[in-house]
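Peer 1: Listed below, chain by chain, are the residues.
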Amino acid sequence: MEFLLNLTIYFPLLGVLAFLFIKNDNAVKWTSLVVTSVTFLISLPLLFNFDVANSAVPQYLTEGSPILTGMDIKYLVGLDGLSLLLFMLTTLFGPIVILSSWNSVNKSLIGYYSMLLILQTASLGVFASLDLVVFYVFFELSLIPMYFLIGIWGGSDKIRATIKFFIYTLVGSLIMLVALIYLGFNAGAATGVYQFSADWRFISSPDYMIGLVEQTWLFLAFALAFCIKVPLFPFHTWLPYAHTEAPTAGSVVLAAIMLKLGTYGLIRVCMTVFPNAFMEFAPLMAILAVIGIIYGALVAMVQKDVKKLVAYSSVSHLGFVVLGIFAFNTIAVQGAIIQMINHGLSTGALFLIVGMIYDRRHTRMISDFGGIAKKMPVFAVMFMIATLASIGLPGLNGFIGEFLILNGSFFSTLYANKAYAVIAALGVILAAVYMLWMYQRVMFGPINNEENEKLIDLNGREIGLLIPLVIFMVWIGIRPVDFTKYSEEWVESFISMSEEKSVAIIQNADTENLPDWTAKFYNLHEGHSETEFALKDE
Amino acid sequence: MDYLHDLHSFLPGIIVAIAGLTVIMLDAFKKSIALSYSVAVFGLGIATLVAIQSLFGDTGTAFSGMIVYGGIGSFGTVIVLLGSLFCVIISKDYLSDFDLHNGEVYAMVLFSVTGMLGLAVSNDLITLFISLETMSICLYVLAGLMKNEKAGAEAALKYFLLGAFSTGFLLYGIALIYGATGQTNLIEIAAVAEPTLLFFAGSALLLVGIFFKIAAVPFHMWTPDVYQGTPTTLTAFMATAAKSATFVAFILVLTRMLPDSEAGDWTNVIQVVAIITMIVGNLIALAQDNVKRMLAYSSIAHAGYLMVGLAAGTAAGYTGVLYYLFAYTLMNVGAFGVIAYYERNHGLDFTQIESYAGLGFKMPVMGVMLSVFLFSLAGIPPLVGFVGKYYVFAAAVQAGLIPLAIIGVLASAASVYYYLRVMVYLYFKEAHKDYTLKQPGFMFKTTLIILAVLTIYYGVEPVLPTSGLIELISSYYSI
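If you read the protein sequences in the order shown, they are chains A and B.
Counting from 1, one number per residue, gives the positions in the first sequence under my numbering.
Counting from 539, one number per residue, gives the positions in the second sequence under my numbering.
Be a bit skeptical, because a hint or two may be false.
As the list claims (entries may be wrong) - List of simulated lysine-lysine pairs, DSSO-like, C-alpha gap at most 27 Å:
no.	chain 1	residue 1	chain 2	residue 2
1	A	K454	A	K374
2	B	K685	B	K569
3	B	K967	A	K164
4	B	K983	A	K23
5	A	K304	A	K375
6	A	K29	B	K900
7	A	K107	B	K967
8	B	K967	A	K308
9	B	K967	B	K983
10	A	K107	B	K983
11	A	K23	B	K967
12	B	K900	A	K107
13	A	K23	A	K107
14	A	K107	B	K976
15	A	K23	B	K976
16	A	K29	B	K967
17	B	K900	A	K23
Said to hold, decoys possible - Covered by chain A, per the in silico footprint, the following chain B stretches (three or more residues, Cβ under 8 Å):
no.	stretch
18	918-929
19	934-944
Derived from the structure by calculation, the hints contain no laboratory data.
Ideal placement from N, C-alpha and C gives every residue a C-beta, glycine not left out.
Isolated chain A, as found in the complex:
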């Protein structure tokens, strides 16, 4: 099993190596399809053999030796309840993404498919790595293929879009790098054995209690990197550009997988390692998340370009995920995790659908369409399901995530204010407005544009690649427990652990020597800090 996990991560790279010997265009496509399909198939046993009851403990671990005496940086991969579903989502999207570009990409195919395969390995690596340095390496590696995907195969304004995307994300992650190095030395000192430790299992455990001052700065640095990646309002400006200019496959991977690296990081690192800062900053993050939800929805409503509309809807949807994460109770965090999957499925499907219609008409302007449902009935059905899933209609996946998140946020002790959930709920209504309005203008009404008369319905390939997504949308909508069970134990144990850890850190805090702002920020008042915090925690 350990071997199978590593094989899944690196198998796509074999495809890249195979391209050295393949020159024929068709062979390149088929090789990529076979490689990604095999990657998906060999990842399935990882799901079936997963020990659900122990999902808080990383499984299928491969542990290398430290790179240097005293420096505990090592190759460490494994899956736990948090990463398993995202890992599976990534392998599922592998063949779908390849199939989606089958006929729409004709320029330097070897380069194109190599980039998609490298991206696959990088994303799988991020979700599987449990050493923070290795995590960082994969996190950054994922930038390079996306940079080229947008820059070479993108739309008219691709250069600006791709540079904006690259520099924006890189600034965040470089600051994270400094924070990571500091955290490593700090954690290393706590082990008593090493100088440096980047082993997440240790860093997140109650054995490592980070000081309040360090925690604040490190939290901010990590959260900045992840929030840019998510992207959380006001760091979202790169996203609509990148999405609009990227080729279909690029948008799909970006939406379905890469944005999740940010929210995943928020849970994986910020929640477990910096619990006090996480709790104190929660209201601020919730405000940004709620602004993102409403703002994203309002901007989506006025878009003339379908793809841009879907891109802004991502800003709105990921606001929900962030709101759920910082609500910091089992229901909301569970909702956030399942919502990450949901957003991947429904937004991924929407981008695929936009790509399909773009391949036929070479336009994405809403006003160029109208009445298409008559000409493309199958397309209309698929589009409808994806639209409704994205809105959050009960019975489809989006509802489950949003319901859990709003429910959890409503009762969140950290937010201690029901306004967040109430305002966020408006986002669901707005989603219905912009999505349905768009659907209506594109699909219904009379056919005004002659070109739309000639549209041909979806072919077998296109239906085939949407079907699995639709199946999962319905499945999660009807029986969410089949999916939420994987992360349940993880969420429960890490939330209670982080809570206990935050109390312990406050108790151990050297209140005398802390700077004033820390004492104020963490509500430490001389003498009675412990009781007060304990009360607050109840």
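Given the structure of chain A, go ahead and fit chain B onto it with the hints provided.
Peer 2: For chain B alone, coordinates are given in the frame of chain A:
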């Protein structure tokens, strides 16, 4: 015998010197460029093998304490030799395309390598000075190789005048230090150094000389013009081998002559110079349209990152610097090599970035390799440049220099823009016209492929079970 032992400890330098003399003789009596080239490659190759062997040997001093051997010195020797070897191999095709292919070029390269090897093992200010001069004088000649072009003449003259000036500072510094301590041996100076004004002034002037050679701001003015006017493969030689040798000498001076004490704490100065070097180098590089000038400013910026490690002043810092020098040699020779390849195609001015439009698809191997080298220079994982930067910045964080590390990463984030810009032209812009690139020669291409593979290999090496390079380097630090 002692005498043989001394010779043995400087064997790589002696081999290179003999090869250089042989080339000169061959050139005088038997005008065969192919033979001169072969002797140069052979000499450097043998010297590299000898040096690699000495990496694992014992350490000590030789020639009555004039030089060190083993340890840092050996590692520096290996980096210099590897860099020179790669540069010489790619120079052959390049220089013959520009009618600059003479036996003397190789003689000059070999003599300057001899100087660099002396510099990388110097344990005495006299050794340091003589080696530095041997290296520099040959480099002045190489800078002026394109003597019929304005840029070439400018490069040589500028380099020579400013170089001579900085050597004056260096020598004056040595004189003052000698005046203050009565010693020229690094270890003995450290033993008797007092925090007197004389000693401070001497050390400061010595550092100015070194800062000039490593192109640290504000002593960097010569770099862009010299790098631009020199034939590209030899620019690579200057930017990597010469810089690595000087940095190793810098480490030797810092660790042996100026150990932590009241008399020798230059950490703050190095920190300030590092910050302005990183900022100025990267900011000016952003505005360059000439690729060689851009790489010149980028190499200034890299000197800044290297000084971050020196500013840390810890074993981890020096380890990081040595690793970075190795990384820097691989990726910089590679990047200059690919640019040299493009320049060999006549018709367009391939030092200008506009000429690169659409080239990535015309000769995919070269385009991909240039991307690898530039991403590595930008410090994107999993390439060797990232590993180097990681060690250097980690050392700074560990030493408590967090603002320095943050400025460093922000500067390197800015640098990504100009590295990416080359790739924007390579891949994202439409090609000018139906322009065909010539095939690179076999050895030329193979050398660059080896460099690219090493750049990737050492980028993932730290997590491989076979990892050992950083272990090796860090084992040198029991100074």
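Peer 1: Next, verify each hint and record whether it holds.
Peer 2: Structure-based check of all given hints:
Only pairs whose Cα atoms come within 27 Å are accepted, and A:K454 paired with A:K374 is accepted, the gap being roughly 11 Å. Restraint check for B:K685 and B:K569: satisfied, since their Cα atoms lie roughly 21 Å apart, inside the 27 Å limit. Using a Cα cut-off of 27 Å, the hinted pair B:K967 and A:K164 holds, with the two alpha carbons roughly 17 Å apart. With a CA separation close to 21 Å, the supplied pair B:K983 and A:K23 stays within the 27 Å bound.
Between A:K304 and A:K375 the alpha-carbon distance is near 22 Å, which keeps this suggested pair within the 27 Å criterion. Of the pairs offered as hints, the one joining A:K29 and B:K900 holds, with about 22 Å between alpha carbons and a cut-off of 27 Å not exceeded. This hinted pair checks out: A:K107 and B:K967 have alpha carbons roughly 13 Å apart, not beyond 27 Å. The suggested pairing of B:K967 with A:K308 holds, with an alpha-carbon distance near 24 Å, which does not exceed 27 Å.
Between the alpha carbons of B:K967 and B:K983 the distance comes to roughly 25 Å, so the proposed pair stays at or under 27 Å and holds. Simply put, A:K107 and B:K983 have alpha-carbon atoms about 25 Å apart, close enough for the 27 Å limit, and the pair holds. With a C-alpha separation of about 24 Å, the suggested pairing of A:K23 with B:K967 holds against the 27 Å cut-off. Between B:K900 and A:K107, the direct Cα distance comes to roughly 13 Å. Compliance with the 27 Å bound is thereby established for this hinted pair.
Between A:K23 and A:K107, the direct Cα distance comes to roughly 13 Å. Compliance with the 27 Å bound is thereby established for this hinted pair. With a CA separation close to 23 Å, the supplied pair A:K107 and B:K976 stays within the 27 Å bound. The hinted pair formed by A:K23 and B:K976 meets the criterion: a straight-line CA distance of about 21 Å does not exceed 27 Å. Note on A:K29 and B:K967: the hinted pairing holds, with a Cα-Cα distance of about 25 Å set against a maximum of 27 Å.
At roughly 15 Å between alpha-carbon atoms, B:K900 and A:K23 fall within 27 Å of each other, so this suggested pair holds. Beta-carbon proximity to chain A at under 8 Å applies to 5 residues in the stretch 918-929 of chain B; the threshold of 3 is reached and the given coverage holds. Coverage of the stretch 934-944 of chain B by chain A holds. Counting CB-CB distances below 8 Å, 5 residues qualify, and the rule asks for three or more.
In summary, the structure agrees with every hint in the numbered list given earlier.
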